[in-house]
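Novice: Below are the chains, spelled out letter by letter.
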Amino acid sequence: DTGVSQNPRHKITKRGQNVTFRCDPISEHNRLYWYRQTLGQGPEFLTYFQNEAQLEKSRLLSDRFSAERPKGSFSTLEIQRTEQGDSAMYLCASSLVTGAADTQYFGPGTRLTVL
Amino acid sequence: GNSVTQMEGPVTLSEEAFLTINCTYTATGYPSLFWYVQYPGEGLQLLLKATKADDKGSNKGFEATYRKETTSFHLEKGSVQVSDSAVYFCALSDRQETSGSRLTFGEGTQLTVNP
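From first to last, the protein sequence lines stand for chains A and B.
Each residue of the first sequence is one higher than the one before, starting from 1 at the first, in the working numbering.
Each residue of the second sequence is one higher than the one before, starting from 1 at the first, in the working numbering.
Within a straight-line C-alpha distance of at most 25 Å, the following computed SDA-like cross-link-like pairs (lysine to any residue) qualify:
#1 Lys57(A) to Tyr30(B)
#2 Lys49(B) to Leu96(A)
#3 Lys52(B) to Thr98(A)
#4 Lys11(A) to Gln45(B)
#5 Lys56(B) to Val97(A)
No lab work stands behind these hints: they were computed from the structure.
From a predicted model like this one, the values you see are computed outputs, not experimental measurements.
Next up, chain A with everything else stripped away, as it sits in the complex:
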């Protein structure tokens, strides 16, 4: 068990460019979550997958954001036409759903800076 990994760890881009982040969950975890964290705040939920199905999207996830989880393994989060307000830490978490509420384990995050 190597934990949740995210790549890249840092991304600097110019406004208007597209960016894509990758998350590799803990193997055999069937749920994968994306959160966004701005400076000095707690993380905010963006979306989650159960296996390959995207089951919920937050209102925070505008049309410029899209997430996929092909084959229920790794996930990607793409932001099109980036804006300065997209600058944040993007966190991925995974969990194994059992009868009780699942416990989420977080990756190190991808810090996005939009210039």
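Put chain B on the given structure of chain A with help from the hints.
Specialist: Just chain B, lined up with the frame of chain A:
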């Protein structure tokens, strides 16, 4: 909707001092409660959790008890160390059919422990 309120920070203590970080919550169902810790430049690490009323979560000398009557989950440690310096987040997960187990976080409390 769900919400988590943490005591305002930052908190500065001397080594071996007693720590309390207050956390209260509002939830529509019967949530599970969590404390996560974030060290500088890193993602969130699960510190402890409790899944039902009167449960006590504990780890690395930290404790928190799920108090349904006061809707609280205060974090305590009897003797803090310099290495405990980090940001601490209280969170709840209110498992619903339509929302998975999305976490709702407080704003975080910055703890600094001086030698």
